[in-house]
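Numbering (our numbering), first residue to last: 85 to 278.
Please note: incorrect hints may appear among the correct ones.
Distance condition first, Cα-Cα at most 27 Å in a straight line; then the derived DSS-like pairs of lysine-lysine [unchecked claim]: (1) 183 with 247; (2) 183 with 265; (3) 265 with 247; (4) 247 with 203; (5) 157 with 183; (6) 157 with 146; (7) 183 with 203; (8) 144 with 99; (9) 144 with 203; (10) 247 with 99; (11) 257 with 99; (12) 247 with 257.
The following label-pair restraints were derived from C-beta to C-beta distances [as the list claims (entries may be wrong)]: (13) 138 with 219: 23 to 33 Å; (14) 272 with 145: 31 to 41 Å; (15) 181 with 233: 29 to 39 Å; (16) 99 with 253: 33 to 43 Å; (17) 94 with 145: 23 to 33 Å; (18) 272 with 147: 19 to 29 Å.
It should be emphasised that the hints constitute simulated quantities derived from the structure, not laboratory data. Glycine residues also receive a C-beta, built at the ideal position from the N, C-alpha and C atoms.
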Amino acid sequence: MRDFQTKSQVVTAGKRVILRDTISSDVESCLRWFSTGEHLLLDAPGERNYTTLQPEQIEKYKSAFAERCEQDKPDVRGNAIIATTANLPIGTVNRYGHKDNPYSCNLGISIQDDAYLNKGLGTEALQLWLNYQFSNTQVLRIGVETWSFNPRAIRVIENIGFKHEGTLRNLRKWEGQILDKLLFGLLREEWEQL
């Protein structure tokens, strides 16, 4: 479905959120997400170096962002903006780990605008993204990973129906904590029974 007002392709839609392609007007939100929000503390701790972008970096980012928005999109999307039904961008979803094996992939989600946390929007977005991936690919298993200190993500993942498949214990030390990475998975036949 195409939203002609924004020239954005809606990937899938729920009652309270839509998953859509990135549009040029999203650039300011995406730039803000580089440096603000609780998601910076929860996503890949210690793997990223969040710094304030310099003016020349911002201009370079905006130019590359505009180019990406104009590129042709694949039939099955590997990422999308999470937006409210009023088309306000609040986060992102993505698919990864499938290039060498088309029968398995992982999904990621991040509500990056703190005003929209704890409202069930992440749960709806992840459920939509999961359904979209199983419905549009040949994947047999979808995984999700999170860190042991993120109970909100664990609750969302389990509520959707993912099974805890394992724990990578003491995987990372970050800000004085020893962290476990939790691995969850859902098989196509389990998804079909939901």
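Going through the hints against the structure:
no., hint, in the structure
1, 183 with 247, "holds (23 Å)"
2, 183 with 265, "holds (22 Å)"
3, 265 with 247, "holds (14 Å)"
4, 247 with 203, "holds (23 Å)"
5, 157 with 183, "holds (17 Å)"
6, 157 with 146, "holds (19 Å)"
7, 183 with 203, "violated (33 Å)"
8, 144 with 99, "violated (36 Å)"
9, 144 with 203, "violated (34 Å)"
10, 247 with 99, "holds (25 Å)"
11, 257 with 99, "violated (39 Å)"
12, 247 with 257, "holds (25 Å)"
13, 138 with 219: 23 to 33 Å, "violated (42 Å)"
14, 272 with 145: 31 to 41 Å, "holds (38 Å)"
15, 181 with 233: 29 to 39 Å, "violated (22 Å)"
16, 99 with 253: 33 to 43 Å, "holds (38 Å)"
17, 94 with 145: 23 to 33 Å, "holds (25 Å)"
18, 272 with 147: 19 to 29 Å, "violated (40 Å)"
In this structure, the hints that do not hold are numbers 7, 8, 9, 11, 13, 15 and 18, in rising order.
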